[in-house]
Amino acid sequence: MSGSQRQAHNAPPARSLIARLLGGALPAIAMVVALLHASLAFATTTGALKGVTSDLTGLPIPGVTVTLSGVGMIGGSQERVSDANGAFNFVQLLPGEYELTAAKTGFKAVTLKGIQISVNRTMVQNISLPEESSDVEVVEVVRQKTIDVEDTTIGEVLTKDYLQNIPTGRDYQSAVTMAAGVIGYGNPNMAGAGTNENTYMLDGANITDPVTGTFSVNFNYDAIQQIEVVLGGYMPEYGVSLGGIINLVTESGTNNLEFLSSFFYLNGNWGPRIDGRFTADGFELAPSAFDQSYRIITVSGKVSGPVVRDKAWFIVSYEHARSLIQNIGIDVPRDYDAHYVLAKLTVQPSSEHRFTTFIQLDPTVIDNTDQTTQTVRPEAQGRQAQGGVVTQARWQWFLTPDANLDTAFVFQKSFIEVGSVPCTHNRNLGYHPCEPGELENNTDWTTPGRLGSFGAYDSVTYPYFTFDDRFRYQASTKLNIVSIDAGAFGTHDIGAGVEVNQTVWDTIQGYTGNVYYVDLNLLPYDPQTLVNWYAVETTGPIKYRTTGSQWSTYIQDAWKVVPNLTLKGGARFDRSIQRNDLGEPVVEGMLLAPRAYFSWDPFGDQKSKVSGGYGRFNDSSNLGVASFVSGASYGFKLVYGEINGEYTSNNQALAFDVPRGNDNVANENLLMPRVDELLLIVERELIPDVAIRNNLVYKMTRYLFEYDELNVIYDEDGSAIIGSRFSDPFNTISRLRTPQLARRNYIQYDLTLDKLQAKRWSARLTWTYANSLGTSQSSLSGSFANDPQSQYNYGPQFTDRNHVVKAFGYWQLPTEPWDQTIGFLVTYYSGAPLERFYYSEKDFGYSLRIFDRGIYTRWPGLWEASVKFNQDIDVRRGTLQLQLDLLNMFNFQTPDSFWATFYSNNRMLIASRQDPLQIQLGVRYEF
Amino acid sequence: MNHPLRSNGLRSALLLLPLAACTYDEGIIVQDMVGTIVVPEAAATRTFAYEDGTEQTVTDTRVIGPIYLGLYASVDANVLAYPHPEMGPIIDPDVPGDTYPYGGTAVGDVRFACVEFLTCKTVSGRFMDYDAIVEWFRDVVKDPVTDSSGVEVPSGDWLKQECYDLLFVTQDSEVRITAYEDRNDDGVIDEKDLDFVQRSDGAFEAPFTIFQQDFVEGFSLWGWMDAPSPADQSFRTCDPTEGFNVAEYDADFYGGTLYDNLLNFPSNYIERGDYVASTGFTYQSADETPELLIDFLVE
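As they're listed, the protein sequences go chains L and H. The first sequence: position 294 = 294 (this note's numbering), numbered continuously. All you need for this note's numbering is the position in the second sequence, starting with 1, plus 927.
What you were told as hints is all true, and nothing was included just to trick you.
Sample of chain L residues facing chain H (criterion: CB under 8 Å; computed from the structure):
1) E668
2) L671
3) D708
4) I713
5) D717
6) S719
7) A720
8) I721
9) I722
10) G723
11) S724
12) P739
The set of hints was computed from the structure by calculation and includes no laboratory data. Cβ coordinates follow ideal geometry from the N, Cα and C atoms, glycine included.
Bound-form chain L, shown alone:
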């Protein structure tokens, strides 16, 4: 049974194709598809700095006092004394800008400013100390390192500069699309994986939805310090994911009291959007223009500062996001109304201990939430309420400067309530407004809904309702020891950790009033005569609980064999058990995931890098799997009304079993889905601040969850039922498997020209070539059930966009005293395969059958160009910043999704196009 997904303010989530296809007649079948996961991941929210002190000839100088300080350095500045090899290091540094000073008697002190520390990166900063008599300048602003010669990951860190100056939209889901290998919005496809195969982390807490494997938190964009996007090559510490990792790190505050408030208004009502095909009653229209609502308003505030100087910092942020966005052919917009709250406290009472705690809330109400069906009628307006709380308590114990223990506890509760409401609080939407005494913000449990049939109108979600509560309890601890000197055998950075993760999914699902009415043939129904309608009673709401337990442990080592060669290796072991509603373990899995990488600086000048290696990553948790075999499903008790011109009562031919249980089974020998990854990275600094990067990734994903249908037997091409094994052919019995055939192969090559921030500008140009072939796009591939009688179709996947170009950057104009910045983002995605569906009696309509994936055609390529203009104005006590964004400035309106088929024909109807030209005006005040 699939779980509902969180939504972001700028777009509703794409619903599964099978839900589109099955329509309102069989929502229970649509629910069956759910093989979901949430990955385990350890916290990584800090960076590190290390280097060697030497004289101007390069000879190491031991005993140099190295002091690191920075406005974002809680606990005050830190000192190290370089060892016999001149080496020093600082760990567990909050991301931000630092200053490094080195001093020793007989040498001039050297101060290096502008050192940027990023999350999960180790900055290598060697220091050359001139002798006392030297006249060499001793204060300098360091350049950013173009090449991180010890890093083996593929991915990017999106710093505050990028987040503020690149026109991507004000949410992290949009911002991560800047990274190479990331496709799509909301829940993106990363490195060829499915949208439910990524891991989301917030300040080290795993916030991946334990049911859907998608994001589960929205929050204040201004509170983000950095976003790390990781697509591969990461160490065991960092967790597992078949796709990528989105690691969000929020600000922590400083010793300065800082305040930020902002107001943004985005309007996309620029020009009509065409190709609306259906009116509210489902009648087809010729392609025509629609008044398109596209408005987003965000108001946010943030306060941060010291509670106790150098000891305790806080940050509190709030954002209100309101959007009214209308999809093609939908006559009323989706109304998204959200409040994001983040409160965080970081305390470092001594140099040995640091405590961090935060709480994040994001209550949201979304009216007319379902923008993918043609009609939501006033009496069945859809509403999704979502939100939850994430809280973390973390203790970092610095045993020595080189060893620390990092322990964290996380609790998360999220809820999603989807249902219909009888009236709306928004009188501008054109719905029936609430009268005094009417339910307004409550989901309607009692009013039976109406479903259309035969094109009358269509509604999948309503009157169906879902109340979900999802819980996560997580505890982890890890030990890090760096710079272990092994003499002639180099140095080692060793880490080890354990993590326990318990997830719970409580859900109630049903039909309002335990009945739904189906209207026939576009004609008005007559409730008295049973003409043109019929009703289906259900057995009532079903309630169930599924639980998951996961344990993970890892050990890893980064072995610096010689100064210019680092070998990284390790392994992690994941064990998971998911239990169904009866408490029975239905899915058990374990996997040892080894990883081995190297990183070589061939010239030893930190201007070149060749790295690569092998890693295995898995998908360790699947609450949806437990749900799949939970033993809970609807019974359809009674059908009556006019069917096919005849008045019938208790028509057994149309009635299903009463009540109906779930006969699905799980194969005892399920495997944990995994990906084996090979990668090769070659980087070279061309000129100072400019580097060329080459990434080559090959991923072999195997043993994705699939189900095959055990009961129904089909004809030669799977288009018609000719028999059944156990019971009537309408009763599907599925078996969960992880067959070897459920696989995909993905290759990606990135060529990047990277100009780091210097001389007032920064830019990045990436061309990505990718190929994605396989039988299954994701662990949700059950939507293309590979039944008996059907072949596993191996072919291009949805992510098979062969060419992607991303270019972005910003330029701080030399217009002093004006402080102006221009940012830009240009993206191009070549077309993706579009599958075609054929009439199938088995699926009561159209479905994908034996034809190879992607043979029909490909989506058109997508271009998009956006610019951003920031104007800073010094005002009393602070800075006022005016922002202007032109998103999709050329108003490209290329289709980006399709209804593969609809009703009784097989046309490719355009479901949505690119978001139109949007103009966003913003004001930020900061001191």
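Based on these hints, arrange chain H on the given structure of chain L.
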């Protein structure tokens, strides 16, 4: 150019990977089961008697109806007047027992050919092209294909266009009623790419595949052929009141679809003139490739 992931060189290189898990045994035997069915020449031969008193005897793949193949617990030669799979308990005296097939498939489907006249009368894998449909009914059956207005369909091209318009498709491979792919890889799409090929002994043979079958040692393959009705060339295994609905202009009809219990209750549909397999093939291993003879004429 070959796809990079299909490159032999790259594949070979990847063999070096530690992919021991690729040999993982799920513990269940699920595999495509392949074999051949053979239909005697007599089953593909029919004598047509025309109103003018003449007769014509034709041996042609177009006489061969859909073949339904099932995997059953066993085949019983004595339960009915013809060999039939073992049945479960008879609960209703008027209804035969359920045969509870383990799996099955069809060789050739009764498929809608886009005009009401042809509902339940055309089988995939039998007609080379649309002309072959029109000519068969016009020249052999002597009952020309007509459109919804009762006007004789003039050509295969007309019928093809009707299918394209009705089904919103653009290729024969999407209609899937004529020969649409070069199955034997000889470079041309011809009669040899239909389901059946005539052997030197006059019999017709066709390959079959039962996809992803759970193997049960000792189960038997058995099948039968629904021969076209002598009266109107329709097939009894097809329900003309269901299937693709055509509702436009003055036409309102269904294209027909197969009944959903053909393998469970075959005796409900087998009638005089049909052929069944006189003996089933009992599997001892999933790798066997049986040749099943559909040779027993039901009298």
